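Enquirer: Chain residues, written in single-letter form:
There are 2 protein chains.
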Amino acid sequence: MIHETTRLTNKEVAAWLLERDGFLILTHRRPDGDALGSAAGLCAGLRAIGKQAYILENPETTERYLEYTHNYLPPPDFVPQVVISVDTADAGILQKNAWVYAERVDLCIDHHASNTGYAAYSCVDTDCAACGEVVYEILMALSGEISAAATPLYVALSTDTGCFCYANVTAETLEIASRLVRAGADHWRVNKRLFRTKSRARMALDGALLSGLRFSHDDRVALALVTQARMAETGVTEDDLDDIANIPNQAEGVQVGIVVRELPDGSCKISVRTIPGVDANAICRKFGGGGHPMAAGCVVDMEPEDAAVALEIAAGEALGM
Amino acid sequence: MIHETTRLTNKEVAAWLLERDGFLILTHRRPDGDALGSAAGLCAGLRAIGKQAYILENPETTERYLEYTHNYLPPPDFVPQVVISVDTADAGILQKNAWVYAERVDLCIDHHASNTGYAAYSCVDTDCAACGEVVYEILMALSGEISAAATPLYVALSTDTGCFCYANVTAETLEIASRLVRAGADHWRVNKRLFRTKSRARMALDGALLSGLRFSHDDRVALALVTQARMAETGVTEDDLDDIANIPNQAEGVQVGIVVRELPDGSCKISVRTIPGVDANAICRKFGGGGHPMAAGCVVDMEPEDAAVALEIAAGEALGM
Numbered sequence: 007m008i009h010e011t012t013r014l015t016n017k018e019v020a021a022w023l024l025e026r027d028g029f030l031i032l033t034h035r036r037p038d039g040d041a042l043g044s045a046a047g048l049c050a051g052l053r054a055i056g057k058q059a060y061i062l063e064n065p066e067t068t069e070r071y072l073e074y075t076h077n078y079l080p081p082p083d084f085v086p087q088v089v090i091s092v093d094t095a096d097a098g099i100l101q102k103n104a105w106v107y108a109e110r111v112d113l114c115i116d117h118h119a120s121n122t123g124y125a126a127y128s129c130v131d132t133d134c135a136a137c138g139e140v141v142y143e144i145l146m147a148l149s150g151e152i153s154a155a156a157t158p159l160y161v162a163l164s165t166d167t168g169c170f171c172y173a174n175v176t177a178e179t180l181e182i183a184s185r186l187v188r189a190g191a192d193h194w195r196v197n198k199r200l201f202r203t204k205s206r207a208r209m210a211l212d213g214a215l216l217s218g219l220r221f222s223h224d225d226r227v228a229l230a231l232v233t234q235a236r237m238a239e240t241g242v243t244e245d246d247l248d249d250i251a252n253i254p255n256q257a258e259g260v261q262v263g264i265v266v267r268e269l270p271d272g273s274c275k276i277s278v279r280t281i282p283g284v285d286a287n288a289i290c291r292k293f294g295g296g297g298h299p300m301a302a303g304c305v306v307d308m309e310p311e312d313a314a315v316a317l318e319i320a321a322g323e324a325l326g327m
Numbered sequence: 007m008i009h010e011t012t013r014l015t016n017k018e019v020a021a022w023l024l025e026r027d028g029f030l031i032l033t034h035r036r037p038d039g040d041a042l043g044s045a046a047g048l049c050a051g052l053r054a055i056g057k058q059a060y061i062l063e064n065p066e067t068t069e070r071y072l073e074y075t076h077n078y079l080p081p082p083d084f085v086p087q088v089v090i091s092v093d094t095a096d097a098g099i100l101q102k103n104a105w106v107y108a109e110r111v112d113l114c115i116d117h118h119a120s121n122t123g124y125a126a127y128s129c130v131d132t133d134c135a136a137c138g139e140v141v142y143e144i145l146m147a148l149s150g151e152i153s154a155a156a157t158p159l160y161v162a163l164s165t166d167t168g169c170f171c172y173a174n175v176t177a178e179t180l181e182i183a184s185r186l187v188r189a190g191a192d193h194w195r196v197n198k199r200l201f202r203t204k205s206r207a208r209m210a211l212d213g214a215l216l217s218g219l220r221f222s223h224d225d226r227v228a229l230a231l232v233t234q235a236r237m238a239e240t241g242v243t244e245d246d247l248d249d250i251a252n253i254p255n256q257a258e259g260v261q262v263g264i265v266v267r268e269l270p271d272g273s274c275k276i277s278v279r280t281i282p283g284v285d286a287n288a289i290c291r292k293f294g295g296g297g298h299p300m301a302a303g304c305v306v307d308m309e310p311e312d313a314a315v316a317l318e319i320a321a322g323e324a325l326g327m
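Top line first, the protein sequences correspond to chains G and C.
Count the first sequence with the working numbering and you get residues 7 to 327, in order.
Count the second sequence with the working numbering and you get residues 7 to 327, in order.
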C-alpha cells in the first residue's frame, strides 16, 4: 500500500456519502450473500436519497443471488465518481473485472479482521457478523430509510450467519434482523430459498458426503472430499454448493471440519471450520489463505487426495496432535 | 369441557401469578425444546421473584433437553397449589404422568391455534412462533427479570423456529431473541448443540434418507420412510431424530414433505410440512392428528409402507391432484 487508509465511523461514512455522488459498488470473487446483499442494500439506500449508484456486475454471481443485484447494473456509459467496495478484505480478492479499480477504491465497507486497508477510506467493524450490519448502521445514519434495502440486507445477515445459527451472531445481529423484517424484508421467501431448499442433485451429494466423511485424529477432524467426478455423478453445479463447508463440522465431537473441493482447473478449494480455540485462519495461512478465527479458506494447487492429507496434517498440528 | 376458560392477557397473567404461589408446571408428551424451554424459563422467572415453582418431570424428555429442567424438579412431598401447562394445546396430550392434573389445570400458556381451552385460565397467543415468546412477555410484565430464564427461553424460540429459519418467525421473534442474548442467553452453545451437531449415527441416517426420498405427484410430494430396521442399521436413537420432519420438504419444488417414522410399538408417527396455501393441519386431521397450517402430525396404526401410501394419497388430495 502506498497510502494509509483513513478510518471512518458509520456516521462519518454517512456524511462522506452525502457529500458525494456517482457511486460504483464492487464485490469480491465468488461473491456470497453478504457481499451481494451488502452491495444491493447500499445501492438501494443511496438511491433512496436521490444519489446515482450502481453495482459492477460480478460474473461469478450464482443464480440464487442474481435477483438482488440485476436491477442495479450500470449503463455502458457510466463513469463512476466514487468507487466503494463491500465485504472485501483485500484488493487482491476484488471481482476479476474490477482490476481497473483496484488502486482507486475510495471507500471500503467491511467486517473482516484481516482487512488490509487498501482503500482511501475504510469503515471496518469486526464486531459485526456480516458486512450487511455495517451497511445497515450506515444507512440508518444516512437517512433511516431502509425499506428498499431491507431484503438484500436480510440476505447479507442471514447468509453470513447460517440463518442466525453460527457463532458470529450477536444480540445486535438479531436486533438488526428484527428491524429489517419490520421494514419489510421478505424473510420467509429468503429463508425458504436460501436455507430450506436444496436441489435434488445437492440432496444426493449431501447423502454421499454424509455417508462418506473421513474422520482422523481421534475423530476430532472430519473431512469431506468433493471431487469433480462426484459432482458429475450427482449432477450438482457451483450454484448447488452453498454452505457445503459446514457439513463435516456438524459431526459430534469434531473440532476441525474440512471440505476439499476439486475445481475445474484441477486445483482444490479448501474450507476449514473450527470450534473456539482452534484457529482456522492459522491453518489456512499455511497454504496462503486466511479468513476468520473459526471459518477460513484457501486454494491449493494439489490433487484432491494430496490436499486432503495435507489439510488433515495441518489440522492435527493446530490441535497440538 | 365442563367449564369455559377465562382468557387472560400477558399482563393479566403476570398479576394472576403475583397473587399466587406453589406452582407446578406441566409439559406435553414427547416434549420439544419449546415445551421444556418455556417450562424452565417460566420456573426460573417465578423463582426470581421469590415464588416456589417446580416442573413436573417428563419421562419422555430426551438427553439434549435434560439440562434445562433437571434443576427444577419437585421434592417428593411437594403439593402444588397452582398447576400451569405450557405449549400444550389439549389436556389429552399432557405428559402421561400428569393425568392426575388433567382436569385441574389452572392456567395454560400456549401459542397453538388448536388450543381447546381446557384450563380454567388461558393465555394463548397464536401470533407467537414459540410458546417461549408468550412466556417472555409474561416475565417482562411480571418483573422484567429474565437473566435466569434467558437460555431456556432462547432454547424455546430457537427450536420452534429451526434457529429462526421457519416461516413462523416474525420481527418480534427476532427482537425477543436479541433481548434474550443481551440478557445472557448462551446462544452459541445452544446453537452448536441443538442445530449444528449431529451424532455420527444421525449423519448416516440423513445420508440414507437423502439418497432414498420417495417423490410422487409430479415431484410435489416427497416422503422419507424411517423404519425401525433402518434406525437399527444406522444406530440412531430417539434423541437423534430432532427436526427430521424437515428433511423431505427441503427438496426443490416440493410442496408437501412427509416423514413416516415407525415406532417401537408398530404404529407410525407422521410429520407433515407444507408450503403456504397447502394445509398440513387438514392432512393430519384425516388421521386424527393436527397442528399448525404448515406443520402438523399424527400417529397411525398402520404398517410403514401402508402409512406412506395413505399419506401420499392425502397429500395429493390436499394439492387438488
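Note that these hints are calculated values from the structure, not bench results.
None of these values were measured; they are calculated from a predicted model.
Just to be clear, a hint being listed does not mean it is correct.
Below, simulated PhoX-like cross-link-like pairs (lysine-lysine); rule was C-alpha separation at most 25 Å, straight line [unchecked claim]:
id, chain 1, residue 1, chain 2, residue 2
1, C, 102, C, 275
2, G, 198, C, 57
3, C, 198, G, 204
4, C, 204, C, 292
5, G, 204, C, 204
6, C, 198, G, 198
7, C, 275, C, 292
8, G, 292, G, 275
9, G, 204, G, 292
10, G, 275, G, 17
11, C, 17, C, 57
12, G, 17, G, 57
Enquirer: Each hint should be assessed against the structure and marked as holding or not.
Expert: Hint-by-hint comparison with the structure:
no., hint, verdict
1, C/102 to C/275, "holds (17 Å)"
2, G/198 to C/57, "violated (43 Å)"
3, C/198 to G/204, "holds (22 Å)"
4, C/204 to C/292, "violated (33 Å)"
5, G/204 to C/204, "holds (19 Å)"
6, C/198 to G/198, "holds (21 Å)"
7, C/275 to C/292, "holds (14 Å)"
8, G/292 to G/275, "holds (14 Å)"
9, G/204 to G/292, "violated (33 Å)"
10, G/275 to G/17, "violated (38 Å)"
11, C/17 to C/57, "holds (18 Å)"
12, G/17 to G/57, "holds (18 Å)"
Taken one by one, the earlier hints fail for this structure at numbers 2, 4, 9, 10, listed in ascending order.
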